[in-house]
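Knowing the structure of chain U, use the given hints to seat chain V on it.
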Amino acid sequence: MHAESLYPATLPDLERVLDDRYGTHDLTALELDTPDTCSQRIVAEAQRLKRTIINRIPSRFIRNDDDLSDPIPQYQFPQWRSLDEQYRFYKPHGGVMLFAPGLWQFVYPFHLQARRHGLFVTRESFTNTPLAAEIVRQAQPTFLVAHIADVAALQNELQRRGVTDIIKTVVAFAGVDELPIDLASCTVPNANTTLEIHLFPGHVIAYQSFPLLGSTDTFHLDRRYLWEFNEDGTFITGVDESVLPLCRYRLPFSCAPTETISQQKAYTITPC
Amino acid sequence: MLNYLSKLDAMFQYAYHNDRASFYRDLYGDRVRPDFHVDTLDAWRSLPFVTKADLQQVPLLERTFTDLSNADMIRTSSGTSGGEVLMTLRNFTWRYDELFERIQPTGVLSLGDISYAVENGFRLKYPNIPFIGGDLHAVGAAVRLAEGLPINVVGCWLFAYDMFIQQLDRYGLREGVAVVYTFGERVTPAQYVKLKTAFPGALVYTLYGATEIHETRLGYSVDEFDMELGTIFSTSEHLYMELIDPDTGTVIEETGKEGEVVVTMMWTENNPSPLLRYRMGDLAMYTTYHEDPWQRRYATRGRRELDRIRIPGGQLQASEFERAIGTFHDLVMPDFELHYTPVTDTVPMQAELWVLPRGPFDERSFIDAFMQAVRISPDRTYADAVSRGLVPAMQCRSVRTLSREGRKRIRFIEERGGK
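Line by line, the protein sequences are chains U and V.
Here the first sequence stands for residues 7 to 278, numbered as in my numbering.
Here the second sequence stands for residues 22 to 440, numbered as in my numbering.
No lab work stands behind these hints, which were simulated from the structure alone.
Some clues are possibly wrong.
Derived lysine to any residue pairs resembling SDA-like cross-links, with alpha carbons at most 25 angstroms apart [claimed, not checked]:
{"hint": "1", "chain 1": "U", "residue 1": "Lys97", "chain 2": "U", "residue 2": "Gln269"}
{"hint": "2", "chain 1": "V", "residue 1": "Lys146", "chain 2": "U", "residue 2": "Thr58"}
{"hint": "3", "chain 1": "V", "residue 1": "Lys429", "chain 2": "V", "residue 2": "Tyr213"}
{"hint": "4", "chain 1": "V", "residue 1": "Lys146", "chain 2": "U", "residue 2": "Pro84"}
{"hint": "5", "chain 1": "U", "residue 1": "Lys174", "chain 2": "V", "residue 2": "Leu81"}
{"hint": "6", "chain 1": "V", "residue 1": "Lys146", "chain 2": "V", "residue 2": "Ile124"}
{"hint": "7", "chain 1": "U", "residue 1": "Lys97", "chain 2": "V", "residue 2": "Leu82"}
{"hint": "8", "chain 1": "V", "residue 1": "Lys146", "chain 2": "U", "residue 2": "Tyr81"}
{"hint": "9", "chain 1": "V", "residue 1": "Lys429", "chain 2": "V", "residue 2": "Asp183"}
{"hint": "10", "chain 1": "V", "residue 1": "Lys146", "chain 2": "U", "residue 2": "Ala52"}
{"hint": "11", "chain 1": "U", "residue 1": "Lys271", "chain 2": "U", "residue 2": "Glu247"}
{"hint": "12", "chain 1": "V", "residue 1": "Lys73", "chain 2": "V", "residue 2": "Ala339"}
Away from chain V, derived, C-beta distances all over 10 angstroms, residues of chain U [what the hints assert, rightly or not]:
{"hint": "13", "residue": "Ala35"}
{"hint": "14", "residue": "Arg47"}
{"hint": "15", "residue": "Gln119"}
{"hint": "16", "residue": "Gly168"}
{"hint": "17", "residue": "Lys174"}
{"hint": "18", "residue": "Phe216"}
{"hint": "19", "residue": "Thr222"}
{"hint": "20", "residue": "His226"}
{"hint": "21", "residue": "Glu247"}
{"hint": "22", "residue": "Ser268"}
Here are the simulated distance ranges between beta carbons [said to hold, decoys possible]:
{"hint": "23", "chain 1": "U", "residue 1": "Ser191", "chain 2": "V", "residue 2": "Thr72", "range": "40 to 50 angstroms"}
{"hint": "24", "chain 1": "U", "residue 1": "Glu37", "chain 2": "V", "residue 2": "Gly193", "range": "23 to 33 angstroms"}
{"hint": "25", "chain 1": "V", "residue 1": "Glu122", "chain 2": "U", "residue 2": "Ala50", "range": "29 to 39 angstroms"}
{"hint": "26", "chain 1": "U", "residue 1": "Glu37", "chain 2": "V", "residue 2": "Pro148", "range": "25 to 35 angstroms"}
{"hint": "27", "chain 1": "V", "residue 1": "Thr348", "chain 2": "U", "residue 2": "Gly168", "range": "54 to 64 angstroms"}
{"hint": "28", "chain 1": "U", "residue 1": "Ala50", "chain 2": "V", "residue 2": "Pro148", "range": "20 to 30 angstroms"}
Since the model is a prediction, treat every value here as computed from it, not as a measurement.
Quick reminder that beta carbons are idealized off the backbone N, C-alpha and C, glycines included.
Isolated chain U (complex conformation) (with noise of 0.2 angstroms):
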């Protein structure tokens, strides 16, 4: 493999992981993945592992418009590992709070995530955000989790109706394609806005400890992806079998290293 830099910078076993995953070990005499080529590698991995499709999910954060994006097949619900961490330092209580659209299939590992946490959600009605803010009123739920178009949207409500300082913190998460991001478009008066990137919906690649609350460009990336940079972009595989096999996919972005923080590295991502 060819690239400037890699993150992580070692992985136990690579090459026989990538070996067992891809068929080989260099990965650039195999051609850039795209959200098709990506749903036929999975497909064939759930074949070679004996896994049925248990669904599919939009390769985009689309909401209505079927043609604007692809199907992009599961046979393993993704692991929310950064909703982990998140719950593990914050310790939110009592409820959660979904707000986003059925169309990307969040809900069950949003559900998984709570229940190991003792937590339970609330999310319903989508569409109707008056609602939305009332059950933030009589349920209480101090943990949202939403899109970054929709923060705001929900707090406007919630303002407009009095309903303040209930919610503590915010995961926003924004689609690859969808940086930079306002922050100030995202944020919930008086609580923490922590950032994360999806490839997919569901599939977080960067998000953001409590060190990098306030930034909107800084975040760790996920490790269990092998991230490439060089001066042909960012590409990412997937080498850890609980996230997509995804060889050497694109990303519309750059990173640039910045600093370690509580022994994570962090890193600038700069759209292109």
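Just chain V now, with coordinates in the frame of chain U:
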């Protein structure tokens, strides 16, 4: 008999004596003694009913049987149309075996809010079978996700099935459907025929339930459909169901008599907020009455306030309009729309019927014939009742000013002061 009475008594004791469910003690007040026991059916029937208005006036945490940490989900019941929001506690239990075990599911496509709860239970029960969920505002996009998957079960709110079928056709999924389930409203005979036509050979199930009473549906369709009565349901073992006269509260214990549904959700570890003697607002009728409450079968008849307009001496039911229109199949299509205007002190009962003529159409003749055909009770037509002075006459006239897709609009207005 003793078995379920003891279960009902256990629920009552918890509801009355535990502060977590203090709503009940407040509701019962002086009408129930602290040492009250449900040892007979009469004792049970002496307990006051619970209504939605009662629930809307108390915080959720004053009417639960468990700690919030034992619940999976809070969801809303009422409120989507701007009314008072009612919150309910849920756990993701799977209670749809009757639905899915008849035909082994190979893939499920389910749209609508209820799908999220169905999905969670389904995933636990069938972790290796595809399930695509989605919202009604993105039907095409959700169906596209299912394209090529072995979908043989589809579910959707009844009112959205036309849109759903279009998209299933677009992505080649309709042919493989073996089970169709609907929720949200009563399936009328015309709607049943439409679904059976769209999905030939498929089992059509109606899930009858209510969002305010936990995830469990009230009953499950037993794949029987009576073209007069509608879907026939068997009672669920997770609830104790009663039918009452909506005016007097008297319990009905016979077949063929319409009454309001009253349910008591059994208290199980998976039901964090059971309800005692909750008036559903739905009308139903036993098709089979049995002393054992779990061997009864019944048909739903519509909403008390929406699908039945009570007029002095009788009632006009949406389902009766459908039956009557079915007798004019040579004149009008079976599809129709019926819109009621709520009656107030100043506004009389008004209804608008939209019909689609098959050809040349004499409106006056149709109206006269229709009023001869429509019944206000099983053995009396409206025209007969008016001629005998039993019900007030209504103006029945066509409205020519509006026409949608060739539909004719007929307005019925009760004549105030007339006999």
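Going through the hints against the structure:
1. U:Lys97 to U:Gln269: Holds, at roughly 21 angstroms.
2. V:Lys146 to U:Thr58: 15 angstroms, holds
3. V:Lys429 to V:Tyr213: Satisfied, since the Cα-Cα distance of roughly 24 angstroms is no more than 25 angstroms.
4. V:Lys146 to U:Pro84: 19 angstroms, holds
5. U:Lys174 to V:Leu81: Status holds; Cα separation ~22 angstroms.
6. V:Lys146 to V:Ile124: Holds, because 15 angstroms separates the two Cα atoms, which is no more than 25 angstroms.
7. U:Lys97 to V:Leu82: Within the cut-off at roughly 22 angstroms; holds.
8. V:Lys146 to U:Tyr81: 16 angstroms, holds
9. V:Lys429 to V:Asp183: Holds, at about 21 angstroms.
10. V:Lys146 to U:Ala52: Holds, at roughly 21 angstroms.
11. U:Lys271 to U:Glu247: 22 angstroms, holds
12. V:Lys73 to V:Ala339: With a Cα-Cα distance of about 23 angstroms, the restraint between lysine 73 (chain V) and alanine 339 (chain V) holds, given a limit of 25 angstroms.
13. Ala35: Holds, since 30 angstroms exceeds 10 angstroms.
14. Arg47: Answer for arginine 47 (chain U): holds, closest chain V Cβ roughly 16 angstroms.
15. Gln119: Given that every Cβ of chain V is farther than 10 angstroms from that of glutamine 119 (chain U), nearest at about 12 angstroms, it holds.
16. Gly168: Holds: least Cβ distance 16 angstroms, greater than 10 angstroms.
17. Lys174: Answer for lysine 174 (chain U): holds, closest chain V Cβ roughly 17 angstroms.
18. Phe216: Given that every Cβ of chain V is farther than 10 angstroms from that of phenylalanine 216 (chain U), nearest at about 25 angstroms, it holds.
19. Thr222: Nearest chain V Cβ is 29 angstroms from threonine 222 (chain U), so the label holds.
20. His226: Check passes; 29 angstroms lies beyond 10 angstroms.
21. Glu247: 17 angstroms, holds
22. Ser268: 29 angstroms, holds
23. U:Ser191 to V:Thr72: 40 to 50 angstroms: 43 angstroms, holds
24. U:Glu37 to V:Gly193: 23 to 33 angstroms: Holds: the Cβ-Cβ distance is about 29 angstroms, inside 23 to 33 angstroms.
25. V:Glu122 to U:Ala50: 29 to 39 angstroms: 33 angstroms, holds
26. U:Glu37 to V:Pro148: 25 to 35 angstroms: 33 angstroms, holds
27. V:Thr348 to U:Gly168: 54 to 64 angstroms: Check passed, 56 angstroms falls within 54 to 64 angstroms.
28. U:Ala50 to V:Pro148: 20 to 30 angstroms: With a Cβ separation near 21 angstroms, alanine 50 (chain U) and proline 148 (chain V) satisfy 20 to 30 angstroms, so the hint holds.
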